[in-house]
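*Asks:* Here is what each chain is made of, one letter per residue.
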Amino acid sequence: MKGFKVAQTLLESHDGRSWGLDMSLKSLGFCVLVLFWSFSASATVTLKYSRMDGNGLSDRIGKLSTDTEHVINIDDCIKYKKNNTYVNIYWSATGTPAAGWDYGVKISQPGGSCSTDKTTKGDTEDCKVLQQAHPEPLSDVKVTIQLSDITGDCNAGTDEKTTVYIIIVEPSSGTSGGTVSSHLAIEFRVDLKRPNPVKIDEVKEGDSNLKVSWADTDNPGEKDMSYRVYWTTSTLTDANKGNAESDTTTSTSYQISGLENDRMYFVGVTAIDANDNESTLPDAAITSGMPIKVSDFFEQYKNAGGAETGGFCFIATAAYGSPMASEVETLRAFRDRFLLTNPLGRAFVRLYYAASPPLAEVIARHDVLRGMTRVALWPVVRIASLAMVAPVGILASLWLLALALAFVLAGRRRGGKA
Amino acid sequence: MNRAFFLAFAALLWAQTAWAESERDMMLELKFGPYRPNVDSEFKSGSPYEKAFGSGSMFMSKLEFDYEFFKRHGTLAVGGTFGYAHDTGHGVTKEGKEASDETAFHVIPLTLDLIYRWDYLAQAHGVPLVPNVKAGFDYYIWWITNGVGHVPQYKDPNTGKVSKGRGGTFGGHVTLGLSFLLDWLAPDMAQTFDTDVGVNNTFIFAEYTFSWINDFGVRKRMDLGSRTFLAGIAFEF
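These protein sequences, in sequence, are chains C and W. The first sequence lines up with residues 1 to 418 when you count with our numbering. The second sequence lines up with residues 1001 to 1237 when you count with our numbering.
If you are wondering where the hints come from, they were derived from the structure by calculation, not from laboratory data. Heads up, the beta-carbon is just placed ideally off N, CA and C, and yes, glycines get one too. A hint or two may mislead.
As the list claims (entries may be wrong) - Beta-carbon label-pair distances, calculated as ranges: (1) C:58 with W:1098: 45 to 51 Å; (2) W:1198 with C:376: 20 to 26 Å; (3) W:1227 with C:338: 40 to 46 Å; (4) W:1227 with C:365: 43 to 49 Å; (5) W:1198 with C:338: 35 to 41 Å; (6) W:1061 with C:226: 31 to 37 Å; (7) W:1227 with C:347: 28 to 34 Å; (8) W:1120 with C:376: 34 to 40 Å.
What the hints assert, rightly or not - Among chain C residues calculated to face chain W with C-beta under 8 Å, some are: (9) 253; (10) 257; (11) 307; (12) 350; (13) 354; (14) 355.
Construct the complete structure from the given sequences, taking the supplied hints into account.
*Replies:* The following block contains the structure:
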């Protein structure tokens, strides 16, 4: 199911007669003649595709000419058929075709191709031909195609390309008559092939969680595979998996958390290919498990009688006695406005939150320490208040002060070394 | 033979001290070693730390940066250290069996040190050994994770008080160390290192640390102190 390469190719072809001559003549003189013939018989227009639109198209289809693939998967196929979805393809031509030119659109079968030297259906080709009126002018021309004509049977289980050909056939400008054609081929990858199911390896039962792991051995060579994990307390089957909770992962293991201990859960895993086709969910991809109560280290420590209580509190709150003190509110506002708005400030806040709580506990218990801390915080609170009133001036002054201090220290250091 | 060896050694010492070094006032140390906190020392019976993490030690990595402010018959410096270590073990089921759920203990030790290195012999006479002593304050940030990677909470069944499995603990430490001056082995290379990038001296060293990380006993905390051995490489510049 690897990607077919780019759908929009611009091809200029010759009519059958000129190719026939080219292949049959061997001598140099004739080759020169053929070259002249070919040149004189070349098409006068080139076709270029610009974009697509339509009703209810998936993003997967790639609506721009710069998109490398135009993909239709199983879900799209079903949806497009159900909704009679169409696609508009917009194309333009450079040059003016010779008088008497003809125009048509052909759609191949998945995996097939169509002749491009005429706008009508050939005797042996299995293509759908859309007869189109002559567009005028040949700029931003819209071709409307029902996507059901492109997809074929959604249950085909194939991964093929369907090509839409936009063809212009014009009378040859050579002396021997005949026609030349120009065409534009847009390939749609119709991926209707599901990946193979995975096999569950094991499920580990943890506290409020189950860790399930699986093997994906039947999709060798597939790139960009992902997996959808389903879990439910009801019986899980391929048919009812839509009712289960689910999540996707690119790993071959997944930890389902937030479960209820001592309750049986059914867990299933499907494979999802790069085009979002999902495998079926057979019995081998379904298992069950029951989360159980597990004591982590902290619980073991506390159960053994450990005194640690953990947690944090903060220096300013300890010093001013209340989180609602005006000084604390000023510092909090300064934090929100000037520190949490930049990476350096956020790093400082993280460090402060990590380092300050135990110190705060000690400060809170001693009046002398609380008084000293209030004195130490006074200039900080004042600067923070000023910064809230006149942020630019104050912060610029602080930066200039810091810069001046750095210069003085650097000068002193250089002087010392000299 | 002995005289020749003595002359060669003297020449090496002379070469060591002959060139004029650039100014040195900083030291960077990168060091590694085992670390096992004394958590279980809190309990007369039972050893929850050993039960969760076994009898081994976690691997500690530390980075220390010193500023040398006094150089006379040795060097005095102030420095700070940042480190990280973690251990992973398994939780236990209510039947006491090892569960598939993992539990982990993480610790970030931060220290503030006063350091004395007796590098007089190295600086004046080219003897490549530098003993040192460090003492300082510590602040250990620690947290525990449960089977789904979250910091756990514990609700006391008697008081209803909720404790969180993370925190910070103050403490102190004393370290004794010995450094070996690598420049002594390759003086030309050392001189080039100094000329090119300003690194005066390169050492390998080992040190033994006694730490008491329990908030100085102000309140009951998990004891994260240890007796541990670290070794590493240091650059003086």
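*Asks:* Work down the list of hints and note, for each, if the structure agrees.
*Replies:* So, going through the hints one by one against the coordinates:
no.: 1; hint: C:58 with W:1098: 45 to 51 Å; result: holds, 48 Å
no.: 2; hint: W:1198 with C:376: 20 to 26 Å; result: violated, 37 Å
no.: 3; hint: W:1227 with C:338: 40 to 46 Å; result: holds, 44 Å
no.: 4; hint: W:1227 with C:365: 43 to 49 Å; result: violated, 30 Å
no.: 5; hint: W:1198 with C:338: 35 to 41 Å; result: holds, 36 Å
no.: 6; hint: W:1061 with C:226: 31 to 37 Å; result: holds, 35 Å
no.: 7; hint: W:1227 with C:347: 28 to 34 Å; result: holds, 33 Å
no.: 8; hint: W:1120 with C:376: 34 to 40 Å; result: holds, 39 Å
no.: 9; hint: 253; result: violated, 12 Å
no.: 10; hint: 257; result: holds, 4 Å
no.: 11; hint: 307; result: holds, 3 Å
no.: 12; hint: 350; result: violated, 10 Å
no.: 13; hint: 354; result: holds, 5 Å
no.: 14; hint: 355; result: holds, 6 Å
Violated hints, listed in ascending order, are 2, 4, 9 and 12; each of the other numbered hints is respected by the structure.
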